[in-house]
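For what it's worth, the working numbering labels the leading residue of the sequence shown as 1, then goes sequentially.
If you're looking for bench data, these hints aren't it; they were derived computationally from the structure.
20 Å max Cα-Cα, derived SDA-like pairs, lysine to any residue: (1) LYS160 x ALA190; (2) LYS516 x VAL560; (3) LYS440 x LEU98; (4) LYS516 x ALA601; (5) LYS160 x VAL118; (6) LYS516 x ALA597; (7) LYS516 x ARG557; (8) LYS440 x ALA68; (9) LYS440 x PRO392; (10) LYS440 x ASP411; (11) LYS440 x HIS413; (12) LYS440 x SER412; (13) LYS516 x HIS554; (14) LYS160 x ASN121.
Pair ranges (Cβ atoms, derived): (15) GLY210 x GLY355: 33 to 39 Å; (16) PRO135 x PHE396: 52 to 58 Å; (17) ARG345 x LYS440: 25 to 31 Å.
Glycine included, every Cβ here is placed at the ideal spot set by N, Cα and C.
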Amino acid sequence: MTLQEHPRWLAHHTDRTLPTPAIVQLELTAACDLACVMCPLPHETRHGTGRERFEVADLENERALFAAAAGVELTGFGEILCHPHLLDCLRWFRALGLGVAATSNGNRLSDELTRAIVDENLLDVLCLSIDAATPATYERIRRRGDFAQLQRHVDFLTNKRGPGAPRLRFSFAAMEPNIRELPAFVRWAARAGAERVIVQHIYEAPHTQGWGLQHHRELVQGVLAEAGALADELGVTLDGRNLVQQGAAGHHPGLIKDCPFPWAHTFVKANRRVAACAMVWEDLDLGDLRDGFTAVWRGDAYTEFRRAMAGATPPTPCVRCQYFGWREPTPLEELSPATSMEPARRGRLGWQWHGLERDPHGRTFRWSLARSSLFLRPRGRTMLQLDALVDPRAPFLRGEVRLGERAIAFDSHDLWGQPLRLPFGRLPDEPQRVEISLEKTWNPGVDADIAGLRRLGLLVYGVEMIGAENELLPRVEAVDRAGQLGRGWLAVESIAGREARWMRERADLLLNGNGKSLLVQALVPAGLNARTLSASCDDLRLGEQTIPADGRWHECRFAVDAPPTAPACITLHVPDAAPAPNDTAAHPRLFGALVAAVGWAD
1 MTLQEHPRWL
11 AHHTDRTLPT
21 PAIVQLELTA
31 ACDLACVMCP
41 LPHETRHGTG
51 RERFEVADLE
61 NERALFAAAA
71 GVELTGFGEI
81 LCHPHLLDCL
91 RWFRALGLGV
101 AATSNGNRLS
111 DELTRAIVDE
121 NLLDVLCLSI
131 DAATPATYER
141 IRRRGDFAQL
151 QRHVDFLTNK
161 RGPGAPRLRF
171 SFAAMEPNIR
181 ELPAFVRWAA
191 RAGAERVIVQ
201 HIYEAPHTQG
211 WGLQHHRELV
221 QGVLAEAGAL
231 ADELGVTLDG
241 RNLVQQGAAG
251 HHPGLIKDCP
261 FPWAHTFVKA
271 NRRVAACAMV
281 WEDLDLGDLR
291 DGFTAVWRGD
301 AYTEFRRAMA
311 GATPPTPCVR
321 CQYFGWREPT
331 PLEELSPATS
341 MEPARRGRLG
351 WQWHGLERDP
361 HGRTFRWSLA
371 RSSLFLRPRG
381 RTMLQLDALV
391 DPRAPFLRGE
401 VRLGERAIAF
411 DSHDLWGQPL
421 RLPFGRLPDE
431 PQRVEISLEK
441 TWNPGVDADI
451 AGLRRLGLLV
461 YGVEMIGAEN
471 ELLPRVEAVD
481 RAGQLGRGWL
491 AVESIAGREA
501 RWMRERADLL
511 LNGNGKSLLV
521 QALVPAGLNA
531 RTLSASCDDL
541 RLGEQTIPAD
551 GRWHECRFAV
561 DAPPTAPACI
571 TLHVPDAAPA
581 PNDTAAHPRL
591 FGALVAAVGW
601 AD
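All chains should be built: construct the whole structure from the sequences, respecting the hints.
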């Protein structure tokens, strides 16, 4: 059996409480000024006149669509520059705090429109779909287009660069009639200041039979090699992941389609139909926006779509999609207590993760979102260790980690310079879902290092279960030799003849064995206020005691009515904890008491 066949995996991936999408792909208008030879728009079965569009008033009525979104991608087979009130719509997206990316053929990109977009910073990314580097090829493919006019528009945009200018990309729908022009296209893109050239395949129609690159592999390989070398020389990224020769298309029995879109993206067409994404277009129609987006997003059609995509039976349109590849399922016997973010471990991740990245030291990581998940198998381990960071540019974050039936809260302070360690105790030795939830995420905006249409959470390197049950002790001292201390503890220091640690407002640890009482040896330095110390065992409150602020060690004893029969999760809480003197931080770290030891006693 594989993880992807396990009931917990499937239940999680069909959970109807999942957040609304992080990215909304929106066809702002169905109108278009061109008649491109490879475009399926004329062959669509959707009803309407081709003049359907969204206005600002329509967007106001659909705020649920953007409730958790970081960005909107204005895409589809309509041309956004045909929208008579485009600038008003862009301003509305900006007022909502969204990143905005748009795809356009560029033929109507007037000087006036370019000035407004740049001066008001209305677009983060503009992708120009051009598909040719010469007038003859352009006019053959982009029918009704004016190559000379397009060149003038691109030149004006190039000269209008500034702080509010969008990042520019060029798109090339590769086919037999134009593939030889790709190197010249890369050169034009570099001259225009484009950061990326996106090369895509086409789906063949009756009038384009034989144009697909699968029929011309030898030619394509030579052209791609030449274009790639030129792109490297000119400092342009050549993005060819959507090409046929990548081997992503076709049926792969038993493999999993490695696509995150069902859980984080949606696509809404100008006629208000909700689809899986802009790449499979109307082949996966999932509902009508007029029924309410949340009802569609969490409805039966979307849920069944996610069920198929979570396993090894993706729908036919997704099988032939070449944008995302395939991955091997994870055999249950190989599911371990740890996972990194390396590509080989992708099959252990659930929903709501950004793509793989590397830090300046070469370590792989992924950004989490509002509710990111992964699967582990405890195999007798009792403590979860989250190797993660809060980016210094991020706001103060609060959240919780849920594993099994238990959830433990954390905040940014818990991730200062060390992994977050959380005690969960004994867990069944079967696949367990780990969910990292945040009260809020953040948008990096225009930060060049992490720019993108996305909301970010934690920077996560990996997650691991540690602390074998048979190695845990019934007493833990400040020097934690068995690794039983969880969150909320500061570094070891010497005070009043003992080695001890400051605990924050709340701190956790694991204890093995049992006893009639829980003993905590604690101290509050003279000159501070007295502290109230409360204790819980496996979330059952044991009581509270006062620790005088006299600089002496005190033994706090908490009676235990029912001694635990398994490793116990102990939580110490100081509700009247206070920040260090003269700490004026917006989110000061609260100090509770100094603790030298915690253990069972008869």
